[in-house]
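K.L.:
Spelled out from the first residue to the last, the chains are:
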Amino acid sequence: MKKRLYLELENCIGCRSCLAACTQCGGHEERNRNYVYDVNPLVNRQTMPLMCLHCENPACARSCPAQAIQIHETGAVLSALVEKCIGCQNCTIACPYGIPKFDHEQNLMYKCDLCIDRTKDGIPPMCASVCPSNTLQWLTDEEIENKKKQFNLDNGKWVTSMPYLEGETNVKVNLPGILQGITKLF
Amino acid sequence: MQAKAAVNQKPGNTLNNAFASHFAKSMFLSVTALAILSFIGTRMFTHVDLNLYGYMVGTIVFIGGFFYRFIAWGERPPTKLILKKGLKLLFRKSTPKTSVEHLATYNFIWNRGIYRWTQHVLIGWGCILSCFVTFPLVFGWMYFTMDDNGHYNIIAMGMKVMTVPADGIIANLSYNALNITAVMVIAGVCMALYRRLKNMQARAEQKFLYDFLPLYMLLLVSITGLALTFMNIFLHGAGQPAMSLIHQWSVIITLIYLPFGKLAHIPFRPMSVLARNYREHYAEQGMKECKVCGDQFVSVEQSKDVVDVLGVNAIEFKAKEGHHLAEMCLPCRRKYRIAQFSGFPTHEVKVKEANQNAKG
Ligand code: HEM
Ligand code: SF4
Ligand code: SF4
Numbered sequence: 001m002k003k004r005l006y007l008e009l010e011n012c013i014g015c016r017s018c019l020a021a022c023t024q025c026g027g028h029e030e031r032n033r034n035y036v037y038d039v040n041p042l043v044n045r046q047t048m049p050l051m052c053l054h055c056e057n058p059a060c061a062r063s064c065p066a067q068a069i070q071i072h073e074t075g076a077v078l079s080a081l082v083e084k085c086i087g088c089q090n091c092t093i094a095c096p097y098g099i100p101k102f103d104h105e106q107n108l109m110y111k112c113d114l115c116i117d118r119t120k121d122g123i124p125p126m127c128a129s130v131c132p133s134n135t136l137q138w139l140t141d142e143e144i145e146n147k148k149k150q151f152n153l154d155n156g157k158w159v160t161s162m163p164y165l166e167g168e169t170n171v172k173v174n175l176p177g178i179l180q181g182i183t184k185l186f
Numbered sequence: 001m002q003a004k005a006a007v008n009q010k011p012g013n014t015l016n017n018a019f020a021s022h023f024a025k026s027m028f029l030s031v032t033a034l035a036i037l038s039f040i041g042t043r044m045f046t047h048v049d050l051n052l053y054g055y056m057v058g059t060i061v062f063i064g065g066f067f068y069r070f071i072a073w074g075e076r077p078p079t080k081l082i083l084k085k086g087l088k089l090l091f092r093k094s095t096p097k098t099s100v101e102h103l104a105t106y107n108f109i110w111n112r113g114i115y116r117w118t119q120h121v122l123i124g125w126g127c128i129l130s131c132f133v134t135f136p137l138v139f140g141w142m143y144f145t146m147d148d149n150g151h152y153n154i155i156a157m158g159m160k161v162m163t164v165p166a167d168g169i170i171a172n173l174s175y176n177a178l179n180i181t182a183v184m185v186i187a188g189v190c191m192a193l194y195r196r197l198k199n200m201q202a203r204a205e206q207k208f209l210y211d212f213l214p215l216y217m218l219l220l221v222s223i224t225g226l227a228l229t230f231m232n233i234f235l236h237g238a239g240q241p242a243m244s245l246i247h248q249w250s251v252i253i254t255l256i257y258l259p260f261g262k263l264a265h266i267p268f269r270p271m272s273v274l275a276r277n278y279r280e281h282y283a284e285q286g287m288k289e290c291k292v293c294g295d296q297f298v299s300v301e302q303s304k305d306v307v308d309v310l311g312v313n314a315i316e317f318k319a320k321e322g323h324h325l326a327e328m329c330l331p332c333r334r335k336y337r338i339a340q341f342s343g344f345p346t347h348e349v350k351v352k353e354a355n356q357n358a359k360g
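Just so you know, the protein sequences line up as chains A and B, in that order. Numbering-wise (the working numbering), the first sequence opens with residue 1 and increments by one. Numbering-wise (the working numbering), the second sequence opens with residue 1 and increments by one.
No lab work stands behind these hints: they were computed from the structure. Don't take every hint at face value.
To be verified - Quick list of the computed label-pair ranges, beta carbon to beta carbon:
#1 S133/A x Q296/B: 36 to 42 Å
#2 C15/A x T105/B: 40 to 46 Å
#3 Q24/A x Y210/B: 23 to 29 Å
#4 V43/A x R92/B: 47 to 53 Å
#5 N146/A x S94/B: 55 to 61 Å
#6 Y164/A x K80/B: 29 to 35 Å
#7 K84/B x E168/A: 31 to 37 Å
#8 Y164/A x W249/B: 52 to 58 Å
#9 E56/A x G74/B: 23 to 29 Å
Stated by the list, open to error - Which residues of chain A face chain B? A partial, calculated answer using Cβ under 10 Å:
#10 N32
#11 N40
#12 R62
#13 E83
#14 T92
#15 K101
#16 G167
Note that beta-carbon positions come from the ideal geometry of N, C-alpha and C, so glycine has one too.
The task is simple: from the sequences and hints, build the whole structure.
P.N.:
Printed below as a string of structure tokens:
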């Protein structure tokens, strides 16, 4: 059963376990490829993670002159192939969410590859494996659909990937609760 | 598309019109060039080494695959842009230095790790040096003659370049050049294979055809090459004809594979010099300021180019504030996305983003 990464943004407690876990994935060379942001840093402690959403039509790959960014058959948009990336940084400018990172010393772009050596075998990515607050989950489409029913309060407040994103993505993002003034029952 | 291209063609460009495609033209020109070079090099085909005939056919098939692949690739909008603008900027002061660092000494691979650098120097230079020796021999651009007095003449393009004693250092180096490079390649490939066993980094994302085949092919070429020498010296040539065929076959397969798999980076890579020049030149011309924080984060030209390339792909990232998303610096673009989710304008809070680098 194909599973995907599913983000329930407001659960985030800002522990940054996902960043630490990301560094430990095979192939990540101890550097994390994801982000955690304070939503309103001067006022409260709400945080939200931000990671590559693995676009169905990835701007990063479309803008790459070297065809260094490959799309895996699972839909994951991979990190730059080390022997192909020519270091132009087009991808960093193209990504609508500012995800790809660039190492100037190594002349190499690196980005989330959805821990492809794990997810291609159905094992959840590192970030979802460690997230203690169920912000990052690894779910089947059916489970995501059930979530939708669970949170569907008949008030149009199911906030999910579109139209809050720029295009369809393989990772699904959701914000079903407190930030919209909805009490959420776990 | 086809019809449009035909209408747009400039009149009077007879050479281009004479060929059905770029492919046919490039193919024709290179084969002609090879033939002419061989003609001159072999003093009108009087010094052709027919044992090397298979290589000649292999090279010609390789050139076909090469152009097929590269013309398709050069037509992609982002590739075309960097190629076009990069070639115009080829003669910058920094070009020689960048080229050496990117294409000969591989400083950036050093920064990825000394192991990876050593591995690549062994494989890369092993192959490049082998080609420097082999190709001139195959196409007759270089050959050796022996004088009566025990001296070798090295003849390049039909002219005598050097006369060396047959048992001298230079002579020995040239007899053994291919053995030395074969050992380099074998060592490098073994390092690459060992890394796949030991290091999960190299294990992720690997496919047999893309990742292992080129390594095994390089190994096969080098080992059969060395075996030839071994048979010559220790077995008085026994088994040589068979081994020679296997060797020839492995080289030809490698050449034919080259434009399609991992090894395609060899002819692609010089583009990294173009990309560097492009970035340096246009950064001097003017930098783009982030629409939110005002930081200069990319050249105006590249920003425009990327927006155009995305446009060609029917990708249009308009922020509701009116600018393109690519006109925000990376931290602001990320905060802007958080703002879209939460409804609170995170990107407008004048606080530097928290440290985003976990230390593993
Ligand atoms: C034009 C100069 C060349 C450049 C700039 C270049 C660049 C690169 C880079 C950046 C990598 C990735 C290395 C890493 O991050 O570990 C690589 C890998 C590789 N290169 Fe080259 N290369 C060049 C020429 C060659 C040549 C002539 C060969 C010979 C066949 C070669 C064979 C390989 C192989 C087999 C790998 C893969 C190593 C592995 O799988 O671990 N390269 N190259
Ligand atoms: S989110 Fe950015 S980096 Fe990830 S696939 Fe989409 S364009 Fe590429
Ligand atoms: S930096 Fe590398 S991966 Fe990114 S667009 Fe340029 S060549 Fe492609």
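K.L.:
Please go over all the hints and tell whether each is borne out by the structure.
P.N.:
Now for the hints, and whether the structure bears them out:
no. : hint                        : result
1   : S133/A x Q296/B: 36 to 42 Å : 37 Å, holds
2   : C15/A x T105/B: 40 to 46 Å  : 43 Å, holds
3   : Q24/A x Y210/B: 23 to 29 Å  : 25 Å, holds
4   : V43/A x R92/B: 47 to 53 Å   : 49 Å, holds
5   : N146/A x S94/B: 55 to 61 Å  : 58 Å, holds
6   : Y164/A x K80/B: 29 to 35 Å  : 34 Å, holds
7   : K84/B x E168/A: 31 to 37 Å  : 32 Å, holds
8   : Y164/A x W249/B: 52 to 58 Å : 57 Å, holds
9   : E56/A x G74/B: 23 to 29 Å   : 26 Å, holds
10  : N32                         : 5 Å, holds
11  : N40                         : 5 Å, holds
12  : R62                         : 5 Å, holds
13  : E83                         : 4 Å, holds
14  : T92                         : 6 Å, holds
15  : K101                        : 9 Å, holds
16  : G167                        : 8 Å, holds
Checked against the numbered hints above, the structure breaks none of them.
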